[in-house]
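Participant: Okay, here's what each chain looks like letter by letter:
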Amino acid sequence: MAEVTDSMAHAPISSEKFDLSVEQVSLHFETPNGVLKAVDEVSFGVETGRFVGLVGPSGCGKSSLLLMMAGLQKATFGDIIVEGEPLTGPRPQDVGVIFQESSLLPWKTASENVEFPLALRGVDKAERKQLATDMLKLVGLSGFEDRHPFELSGGMKQRVSIARGFCQDPRILLMDEPFAALDEQTRMTLGDELLRIWEGHRKTVVFVTHSLTEAVYLCDDVIVMSAQPGRILERIEIDLPRPRTYETMATADFGRLRDRIWRLIRGSE
Amino acid sequence: MLSSSYRVLVQAGIVLILLGLWEAAVFSGLADTRTLPPPSEIAIHIVALLGDQDVLYNLWITSAQVGLAFLIVAPVGVAIGLLLGEHEYIGRAFRPFFYFLAGVPKSVFLPVFILTFGIGFTQKVAFGIFQAIFVLVISAIAAVGSVSPTLIKVARSYGANRWQLYSQIFLPAMMPVVIEGMRLGMIFNITGVVFAEMYVARAGIGHMIATWGMSFQMPQLFAGIFLTAFLSIAVNEVLRWYERRVDKWRK
Ligand SMILES: Nc1ncnc2c1ncn2[C@@H]1O[C@H](COP(=O)(O)OP(=O)(O)O)[C@@H](O)[C@H]1O
Ligand SMILES: [Mg+2]
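So the sequence lines, in the order shown, correspond to chains A and B.
No gaps in the numbering here: position 163 of the first sequence is 163 in my numbering, and each next residue is one more.
No gaps in the numbering here: position 182 of the second sequence is 182 in my numbering, and each next residue is one more.
The hints are simulated quantities; they were obtained by calculation from the structure and are not laboratory data.
Careful, some of the hints might be misleading.
Unchecked claim - A few chain A residues that face chain B, going by a derived Cβ cut-off under 10 angstroms, partial list only:
#, residue
1, G71
2, R91
3, E101
4, R121
What the hints assert, rightly or not - Okay, derived cross-link-like pairs now, BS3-like style, lysine-lysine, Cα gap no bigger than 27 angstroms in a straight line:
#, chain 1, residue 1, chain 2, residue 2
5, A, K74, A, K37
6, A, K108, B, K248
7, A, K129, B, K248
8, A, K37, B, K153
9, A, K108, A, K125
10, A, K129, B, K153
11, A, K129, A, K108
12, A, K125, B, K248
13, A, K137, A, K203
14, B, K153, A, K125
15, B, K153, A, K108
16, A, K74, B, K153
17, A, K203, A, K125
18, A, K203, A, K129
19, A, K137, A, K108
20, A, K203, B, K153
21, B, K248, B, K153
Beta carbons: idealized from backbone N, C-alpha and C, even for Gly.
Generate coordinates for the entire structure from the input sequences, incorporating the hints supplied.
Facilitator: Here is the structure:
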């Protein structure tokens, strides 16, 4: 018995079964009014192929957490373990990010934007052009390859961002409120398309949103955070069957889950 | 389209009226022909100057000096500005020098340039560069500030190294602001080269203008002034055209 406990203590950290594991992560900012705990001892794991949502009031540290998971921001304390190794900087093969808006390079065409992660990696022009064309087709933008971002609508731009994220082809995709700037209808359509593409590629996804409906509709799990200091309140499994449709949103289970998240967030304020 | 060609017509009309008034002022004796030749006479001299091998050679020398100075100062100025704007420590250490020196009139340094580089081609190029570099560096620093932090994060998340960040994100994103700086830099550059030619030189349109002025050859002097003005305007317009092209995506 004692031996077992001992070997347990020395066993590799639990991150083994996760693609991504956030372990006791804190992020502190020095401000004129003292230390601001943007993220406070947050831990969670994301299993391979899971679609995990991150919700919480504005300013609770969702974006900060995502930046740390992308290796773009150093945690003050704690570790982010990706594929068994702590992150020390961006690892494009493993982790990709899709940002909220205006993250396309405005001087490049849609196709060149989608090719960009591949170009940085040195993939040759013909090959990456082909991949970009395929990806743009997947997001319904065939024929728009040579348009510049200023010639595209907000929804189309986010489609290009998504195509770019999938073209980069990391194992884990982080998304920071990718649909926040879009109107309700576009955001629903894009949500459905994202699910469709995801069903095909089964990437591990962490999806930040402030829309509870969107969170319940898209995710396998929703992690609910509290504001200042940013902590995890609860992780809720969304056991609604897939594929989900517009009708799913009208079910009692859907309403119950969304209610629960809403109460958690409101209770924390 | 109609309104824009109408506007050009009105503008041309205004220029013609002003030239007409000038011509009338000279012929009515209101202005002194010894110091102010009439436009018609200046026009004749412009045509004559353009047929004169000696003048063309001097115009070529000036253009070559201005062009070479620009080819050197544009990339160097942008590179320095990028480094000073983007690199936290280097920036904090060296930015003040540029901000302070930018406020000093560069012409007072001309004698130093003569002592260092002589009175030939090299000195004119060097002085053109010196005149232009401050506005270029400062505009490039401002351009760095205009680059969206999100784009930098995007490129970093794709594993871009420092060089790729500079060449793929910073430089293209800085372009609209930098081109404006280049246009201003070009004006400073021309001013520097022509001024240095007028001060002391063996060739160049500035040298000719100074010589005509000192020997009271007023029609030639004014023709030279007009030629220099046309040349500068043409260069400025080319850069503005390029600016509009680069600016297409910014909105
Ligand atoms: N660079 C920074 N310096 C100081 N405070 C910051 C910085 N970045 C974020 N914060 C603060 O950290 C908290 C969390 O921010 P953020 O992660 O953007 O929240 P969210 O994405 O959930 O709205 C906020 O209070 C924000 O003001
Ligand atoms: Mg945010």
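Participant: Now tell me, hint by hint, if it's right for this structure.
Facilitator: Now the hints, each set against the structure:
At its closest, the beta carbon of G71 of chain A sits 8 angstroms from a beta carbon of chain B; the interface hint therefore holds under the 10 angstroms criterion. The closest approach between the C-beta of R91 of chain A and any C-beta of chain B is roughly 8 angstroms, which is under the 10 angstroms cut-off, so the hint is satisfied. Interface hint at E101 of chain A: satisfied, since its Cβ lies 9 angstroms from the closest Cβ of chain B, which is below the 10 angstroms cut-off. Proximity of R121 of chain A to chain B holds as hinted, the smallest CB-CB distance being about 7 angstroms (cut-off 10 angstroms).
Restraint check for K74 of chain A and K37 of chain A: satisfied, since their Cα atoms lie roughly 14 angstroms apart, inside the 27 angstroms limit. With a C-alpha separation of about 11 angstroms, the suggested pairing of K108 of chain A with K248 of chain B holds against the 27 angstroms cut-off. With a C-alpha separation of about 23 angstroms, the suggested pairing of K129 of chain A with K248 of chain B holds against the 27 angstroms cut-off. With a CA separation close to 22 angstroms, the supplied pair K37 of chain A and K153 of chain B stays within the 27 angstroms bound.
As the CA atoms of K108 of chain A and K125 of chain A are separated by approximately 14 angstroms, the hinted pair is consistent with the 27 angstroms bound. Pair hint K129 of chain A plus K153 of chain B holds up; C-alpha atoms about 23 angstroms apart against a cutoff of 27 angstroms. Proposed proximity of K129 of chain A and K108 of chain A is supported: the alpha carbons are some 13 angstroms apart, at most 27 angstroms. Among the hinted pairs, K125 of chain A with K248 of chain B is consistent with the structure: their alpha-carbon atoms are about 25 angstroms apart, no more than 27 angstroms.
Of the supplied pair hints, the one linking K137 of chain A and K203 of chain A holds, its CA atoms being roughly 19 angstroms apart against a limit of 27 angstroms. Simply put, K153 of chain B and K125 of chain A have alpha-carbon atoms about 23 angstroms apart, close enough for the 27 angstroms limit, and the pair holds. A threshold of 27 angstroms between alpha carbons decides the hint, and for K153 of chain B with K108 of chain A the separation of about 17 angstroms falls inside it, so the pair holds. For the hint pairing K74 of chain A with K153 of chain B, the CA-to-CA distance comes to about 13 angstroms; that is within 27 angstroms, so the pair holds.
For a cut-off of 27 angstroms, the pair hint linking K203 of chain A to K125 of chain A stands: about 25 angstroms separates their Cα positions. This hinted pair checks out: K203 of chain A and K129 of chain A have alpha carbons roughly 22 angstroms apart, not beyond 27 angstroms. The hinted pair formed by K137 of chain A and K108 of chain A meets the criterion: a straight-line CA distance of about 18 angstroms does not exceed 27 angstroms. Taking the CA atoms of K203 of chain A and K153 of chain B, the gap is near 21 angstroms; set against the 27 angstroms cutoff, the hint holds.
In summary, the hint linking K248 of chain B to K153 of chain B is supported, as the alpha carbons are separated by about 24 angstroms, within the 27 angstroms threshold.
Consistency with the previously given hints is maintained throughout, with no hint failing.
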